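Asker: As a plain string of letters, each chain reads:
Protein chains: 2
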Amino acid sequence: MDAQDAGTDPAWLPPAALSAVGARRTLIRGAGGPLVDTVYGEVAEACARFGGSVERGGRGADAAASYGLVLDVGGAGWGDESFTHARANATTTITAPGERGLLHGLFHLVRLGEGAFQGERAPETHRPALPLRMLDHWDNVAVHPVMGQVERGYAGGSLFWADGRAREEPQRIRAYARLLAACGINAVAVNNVNVHEVEAHLLTDRIGEVAALAELFRPYGIRTHLSVTFAAPMVLGGMPTADPLDAGVKGWWADATARVYDAIPDFGGYVVKADSEGQPGPFAYGRSHADGANMLAAALEPYGGTVHWRAFVYDHRQDWRDRTTDRARAAHDHFAPLDGEFAANAVLQVKHGPMDFQVREPVSPVIGAMPRTRLAVELQVTQEYTGQQRHVCWLGPMWSEVLRFRPDGETAVGGLADGLVAVSNVGDDPYWTGHPLAQANLYTFGRLAWDPGADPRAVLGEWIALTFPDAPERLVSGLHAVLDGSWRTYEKYTAPLGVGFMVQPGHHYGPSVDGYEYSPWGTYHFADRDGVGVDRSAATGTGYAAQYAKVWADVYESPRTCPDELLLFFHHVPYEHVLHSGRTVIQHVYDTHFEGVAEVEAAREVWTSLADVVDAARHARVAERYEEQLRSAREWRDQINSYFSRKSGVPDARGRRIY
Amino acid sequence: MDAQDAGTDPAWLPPAALSAVGARRTLIRGAGGPLVDTVYGEVAEACARFGGSVERGGRGADAAASYGLVLDVGGAGWGDESFTHARANATTTITAPGERGLLHGLFHLVRLGEGAFQGERAPETHRPALPLRMLDHWDNVAVHPVMGQVERGYAGGSLFWADGRAREEPQRIRAYARLLAACGINAVAVNNVNVHEVEAHLLTDRIGEVAALAELFRPYGIRTHLSVTFAAPMVLGGMPTADPLDAGVKGWWADATARVYDAIPDFGGYVVKADSEGQPGPFAYGRSHADGANMLAAALEPYGGTVHWRAFVYDHRQDWRDRTTDRARAAHDHFAPLDGEFAANAVLQVKHGPMDFQVREPVSPVIGAMPRTRLAVELQVTQEYTGQQRHVCWLGPMWSEVLRFRPDGETAVGGLADGLVAVSNVGDDPYWTGHPLAQANLYTFGRLAWDPGADPRAVLGEWIALTFPDAPERLVSGLHAVLDGSWRTYEKYTAPLGVGFMVQPGHHYGPSVDGYEYSPWGTYHFADRDGVGVDRSAATGTGYAAQYAKVWADVYESPRTCPDELLLFFHHVPYEHVLHSGRTVIQHVYDTHFEGVAEVEAAREVWTSLADVVDAARHARVAERYEEQLRSAREWRDQINSYFSRKSGVPDARGRRIY
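Chain order of the listed sequences is A and B.
Sequence positions in the first sequence follow the working numbering and run -6 to 652.
Sequence positions in the second sequence follow the working numbering and run -6 to 652.
Everything labelled a hint here was simulated from the structure, so no lab data went into it.
Fair warning: there could be bad hints in the mix.
Said to hold, decoys possible - Calculated from the model, a selection of chain A residues having no Cβ within reach of chain B, i.e. all distances over 10 Å:
1) Pro7
2) Ala9
3) Gly106
4) Gly150
5) Ala451
6) Thr535
Stated by the list, open to error - If we take Cβ atoms under 10 Å as the criterion, some of the chain B residues that face chain A in the derived model are:
7) Ala135
8) Trp313
9) Arg316
10) Gln497
11) Gly499
12) Phe519
13) Ala520
14) Asp521
15) Arg522
16) Lys640
17) Ser641
18) Pro644
19) Gly648
20) Arg649
21) Arg650
Every value quoted in this text rests on a predicted model; they were computed, and no experiment measured them.
Cβ coordinates follow ideal geometry from the N, Cα and C atoms, glycine included.
Make the full structure from the sequences, and use the hints.
Answerer: Here's what the structure looks like:
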């Protein structure tokens, strides 16, 4: 199948992915419902292609031994998401208390393929570790003069909106919903968290367009959410205030929310970026963020909706001269004191690191600091700072490290959070994600949200097996070769040792070591002729390290114990400082930058060697992006090395060319 | 008069400027013509206001002693631009062989005011040193997605175009033409040298809109020129080539030009930016720039038109790693070998410096290197790199230095060139130029084009006297205090010692020391921990210094003889290098940056003290811009000082605060 011809790539659901299911005689048993209809439709379509058959029966129908597959749903309406998988007497069964579980069970079988229909299998119950697995689209309705149709989008236009209007392409959105369901995602927000004038109206007079999207997502068990502006009562309601404690404001939101649920009975809730990078919020009225979130939570509560309140609050007009302010501290400073004050249906949405989706950051100290608050951890699937889908950078290992991190030394992030949210990397590109291999990031996100403890490399294996059915071993190992280590490769040739932000301002693609050094954004490296890095220790720095529980505060406090990869995030050290690796900081910079480029060269060679086992269009698209990745990696290498060579005066120990 | 109310500020032609002329009994004698009508109209309007009278008579009319002013034009049609001014027997006379000279003579009287009507005055003949005194508008017809309506415009929208259409505001354009004529400008180009798709059509199907502008400029002796794309035969004519030696191409241009002259009989000619920053040009066909220019010159020649061919040709996709390429060399490398090959009606338009309108550059070596070519020197009145009309930066002294420079040690630039051209700083802002004091730059440009040897401070005095009639001495001296030294002040707090380009990429406002350091634009400073600057010597550098005649090549070749203010343009020197001033380079950087900010603070104080002698709206506008200038100057000071302090490790000898 040629993606360009079809308009959309089948990604991890090519027809062959359902061949095992479609070859069976299947009984779907139990109560009906829209998701059961979806399951039936999936199985029936697969049977038409692969020779099996499917019947439906009531809960009491007899599962004769002659059925190869029985999908059994108990109860009615929206049930929970669990399912039980078993196999006995040559019959595979999926038993689910509700239809959402049944749908998950179906895609579980898809992943197992023929393996689901072999031997015996004792009952295993699967359930998602995180109830909320959400994808946020930073899609604008109207094209933004600077940010375009999709803010930080690298895959063409929006699936939902074009030039101010809703797109009328239900087929593509339905195909998209199906892909999301197949990796376990159960919620989407359909517009940018920066809510501009046009987008504000989605909440009121344009709610019908959101409802039309919800219709398309609903059959795949996905609830639709909306980003709203905190100033909506003023912008849309003509009120003089948006004060969250004002009775009129509360009433306005209650009315608006009632109308939203009239249009979308299973509406998921609101996403709010308040008091952040210029967006309005409760600070204007001397109210806390708990006041703001709880006011919206109260409006949503009668309908079972949730407010996602982003914790991305910091001073983006900082003075670079002021060394006492530390952006990394901001979310903890603002939110930790509010622990326990948020409503039960308010979710605080916290970026995984304290800064902004850099290739390497410590885990945000907010995540361990608010045990009495529902938290969602926000990841960035769209590769804003990790190559913008022109570079191969599979983020599974990074996200896995975050989810396995134990803020208190005991419970992992994946066990503390209520949800995992990611900024989408999808657009109207024929491959959905621009770079065909970036599909793996979206798939991996969904699967890690379901099971944060999963081995990311095994998840990648699933993606490969689904996306490239019947792939020869050479292709499987080739894909692993170019993807497995691609995040660490990207880290090697970009900003070193956790220092972050050495990107071109604005668009954030390509290197600019000092690009943000004298800016108001709070993202500095403080490199001088003697050393580099930010002192965030409690003893001599900004005190950020002390925002962690003692188990980590002690580790981060000293350069002697701080992990190498985060050294420059926590400490300002001389260029000749010796890392745990035995190398000096400056030699590490040189070495990793030469290594990173060499690794891209090697990956490109591997990809070239796969030309005969990948369809031509996909191979060409990836090959073309490798050219750009290699050019860009060399630019990174040379700029970073030149910058630090000129500044430190220390030559490369191996005498390689530095400009 | 409140500029905001009237829509346009009277600038240097407030009604009072014509009070002396308007109080006389005047005879206009000799042949008629449209410019004589203009002169008559000006005098009549002034008389209506100030009590004088004006009559017209034939050449033989008797100039009775009872006339206070006789304006005497001889011959008919377009004459030359000279005029003779005399006074005897209580009658002031202006005698001009042609009507253009008569108009210049009138404005000469305006500048002299009552002084023109006192005592006796032996005949003095005035004529412009440069026949071509042209203002180029970088105005787009359609709003460009990045550059907007006016490329590098800081004074609102275009006077001529808005959102793809011609503006229908003849009153304002007529007022503008009058201001230009009053300072001696005699040519305008009405669209951007970067000719995009929409603008290309001005040459053909939209020539009527250009003709309408020409109608408005013509009564003030100003010829209209058009920027055209070299690819016009392809873009507009559907031809397969734009090869300047192709007979079809030549024919296309001949036909197109004939139609232009049908619409605009006194059309000035074409302005062309070819093979420059992505614009098409003759290189694509293996032809020289003389081939390209001469082809257009041939099309224009039958009608007396001129092609202005810009010499701004360089590699804007340079690799920063490549130290052998030097953008400063490019114009001389490309054009000097072509000396003598350009047609008589081709003018090579050369930027005054080898780079791009920095606050300090040496004079372009092209200017002395092409004695057999007609040259126009291009200045930038719009303050792209000199504060964008948010900073006070009166450029008269810089331009005067350029015009007085003697490339061969003998003849000054002002005597070598055929024309002076400037990029306009005007838009639809009520003050024309955004910053009211930036009007002085436009006026000074026109006057220096007329007389390149003029004392710029005297020209500024003229501007003050005209713009602020009956100003108390305190205002006159205050305006001199804030304007006279403002260019050197700006230089002090921005990029030091001729090094240039330490600006934010793209928009070019505010500091970014490394903003262009690793870019493809060829604008580097090569600062490392030991020193800074570009070695352009012949002995060890790029050889640029040797592009000058020996008298200058010898001076620039060595740091010992190179003027301090150009040291880093020509040499890479250690931070401890001692300047002729006795200070080290690094201490010079610190000192000048502290001084520059202090000078802005002082200028702001002076301006504040003038509140009672400047109209309120104008005072407020300037005061508001001083706030921004001061903020920006401090930002420059601190970024530049921090950058070099961090890099050099050398402390400020005076222990001032460096961040």
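Asker: Against each hint, give a clear statement of whether it holds in the structure.
Answerer: Evaluated hints:
no., hint, result
1, Pro7, "holds (39 Å)"
2, Ala9, "holds (44 Å)"
3, Gly106, "holds (49 Å)"
4, Gly150, "holds (16 Å)"
5, Ala451, "holds (41 Å)"
6, Thr535, "holds (16 Å)"
7, Ala135, "violated (15 Å)"
8, Trp313, "holds (8 Å)"
9, Arg316, "holds (8 Å)"
10, Gln497, "holds (8 Å)"
11, Gly499, "holds (8 Å)"
12, Phe519, "holds (8 Å)"
13, Ala520, "holds (7 Å)"
14, Asp521, "holds (4 Å)"
15, Arg522, "holds (4 Å)"
16, Lys640, "holds (6 Å)"
17, Ser641, "holds (7 Å)"
18, Pro644, "violated (12 Å)"
19, Gly648, "violated (17 Å)"
20, Arg649, "violated (13 Å)"
21, Arg650, "holds (9 Å)"
Violated hints, listed in ascending order, are 7, 18, 19 and 20; each of the other numbered hints is respected by the structure.
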